[in-house]
Amino acid sequence: MSNLRLINETEFNETVTNINIDNVFSTDFDIYQITLHCRESGGGLQGGVGMRFINTSGSVNSSSSYDSANLRLLVDSTSEDRATNGTSLLHTALGFTDALGTVSTCYIFNPYSSSSYTFTLGQGNFYTTKMQTEKGIGVFKSAETVRGFNLITDTGSFGSGTIKTYGLRVDS
Amino acid sequence: MGLVQVATNTVTSAVASVTLTGIDSDDVYMVTIVGASPSSGVDEIRTRFTASSTPQTTANYDYANKFFRASAAFINDSNTNLTYTRGTGNIDNAFEGGNGIFYLYNFNNASEYSFMTIESVTFGFSEGRGYAGGTVYTVAEAHNGVQFLPSTGNIDSGTFTLYRVV
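Chains as they are written, first to last, in the working numbering: chain A, 21 to 192; chain B, 3 to 168.
Don't take every hint at face value.
Label-pair distances were calculated between CB atoms; the ranges are [to be verified]:
{"id": "1", "chain 1": "B", "residue 1": "Val141", "chain 2": "A", "residue 2": "His57", "range": "25 to 33 Å"}
{"id": "2", "chain 1": "A", "residue 1": "Asn33", "chain 2": "B", "residue 2": "Tyr115", "range": "13 to 21 Å"}
{"id": "3", "chain 1": "A", "residue 1": "Ser83", "chain 2": "B", "residue 2": "Ile77", "range": "45 to 53 Å"}
{"id": "4", "chain 1": "A", "residue 1": "Asp48", "chain 2": "B", "residue 2": "Ala66", "range": "32 to 40 Å"}
{"id": "5", "chain 1": "B", "residue 1": "Tyr105", "chain 2": "A", "residue 2": "Thr175", "range": "41 to 49 Å"}
With the Cβ distance kept under 8 Å, some of the chain B side facing chain A (calculated, not the full set) [claimed, not checked]:
{"id": "6", "residue": "Val36"}
{"id": "7", "residue": "Arg71"}
{"id": "8", "residue": "Asn110"}
{"id": "9", "residue": "Asn111"}
{"id": "10", "residue": "Ala112"}
Computed footprint of chain A on chain B, listed as stretches where at least three residues anywhere in the stretch have a Cβ under 8 Å from a Cβ of chain A [to be verified]:
{"id": "11", "segment": "6 to 13"}
{"id": "12", "segment": "89 to 102"}
{"id": "13", "segment": "116 to 129"}
{"id": "14", "segment": "135 to 145"}
{"id": "15", "segment": "156 to 166"}
Hints were generated in silico from the structure; no laboratory data involved. Please read these numbers as outputs of a predicted model, since none were measured by experiment. Ideal Cβ positions, reconstructed from N, Cα and C, are used throughout, including at glycine.
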């Protein structure tokens, strides 16, 4: 049996711009893998997929506690560095939504620990008229337990697709 | 992707290094680090490969990484012929902030170099930091594992786990 265990699978439709994946983090796992597969088939605008965390009361934390550092790789131009410090979300943690498809993976470290910050490693590939890649890191700078996450687009909607949450099991 | 656990080590009291072994096939292997914290105030986690469970310390490690920073320009960080490779950026030990995913290639093959991809995220010097890139040990020999160690002092905490990718 694989140590990578499926915890949650959520499907969504064209109109969604803000998605909560709640009650997926627990003491069972320290590392989680999130996958996003979507397509904004209406040809809508490209929108960054930001991430925020849901606290133990069920509220989305949008305080100025998020650091992000992302490298945007372009097929027809030089790469771009995108760094933000102390903002209200992890910018482009799962790349961008796009008309012809987005595939992204993000790892989350220690979200359920009350003594550690929460960390992310992510990469998204997306396509409208050309392929682009967003690769980066994130830190939620609050030593608190979080039980889930929120994904939000800064422009347009997600389109339709699926978010899967896996836990990476460690057997002692 | 399936992952089968091969070895794990959770550090609960200070140790000079952590070694994970058990690579005995030509499969790709993956190592995870979560919550690693050095004993010194801010330090990186370095990596060496093990041959017959002995960490290799000859000056044959090359690496090339993109160093991500949340509050400054990114840096191309590379080096050759070191006695170790860099696994993470600086970790502030107040936040248990050393985390990473590393893939290991060719380790069981005695006639080719061993390679490791690097993706890590830390918090140090008041900003989120990351490394993305890779490393190679330029000696054609078999390796059965990896060692993690700080540049000075000890590792105080963290869980280090080796998986076989199936």
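Hints, verified against the model:
1. B:Val141 <-> A:His57: 25 to 33 Å: violated, 41 Å
2. A:Asn33 <-> B:Tyr115: 13 to 21 Å: violated, 48 Å
3. A:Ser83 <-> B:Ile77: 45 to 53 Å: Because 29 Å falls outside the window, the suggested range is violated.
4. A:Asp48 <-> B:Ala66: 32 to 40 Å: holds, 36 Å
5. B:Tyr105 <-> A:Thr175: 41 to 49 Å: Cβ of Tyr105 (chain B) to Cβ of Thr175 (chain A): about 34 Å, so the range 41 to 49 Å is violated.
6. Val36: holds, 5 Å
7. Arg71: At about 6 Å, which falls below the 8 Å cut-off, the nearest Cβ of chain A leaves the hint on Arg71 (chain B) intact, so it holds.
8. Asn110: violated, 20 Å
9. Asn111: Asn111 (chain B) check fails; min Cβ-Cβ to chain A is 24 Å, beyond 8 Å.
10. Ala112: violated, 28 Å
11. 6 to 13: holds (count 4)
12. 89 to 102: holds (count 5)
13. 116 to 129: holds (count 6)
14. 135 to 145: With 0 residues close enough to chain A, the hint is violated.
15. 156 to 166: Since three or more residues must qualify, the claim that chain A covers the segment 156 to 166 of chain B holds, with 3 doing so at under 8 Å.
Checked against the numbered hints above, the structure violates hints 1, 2, 3, 5, 8, 9, 10 and 14; every other hint is satisfied.
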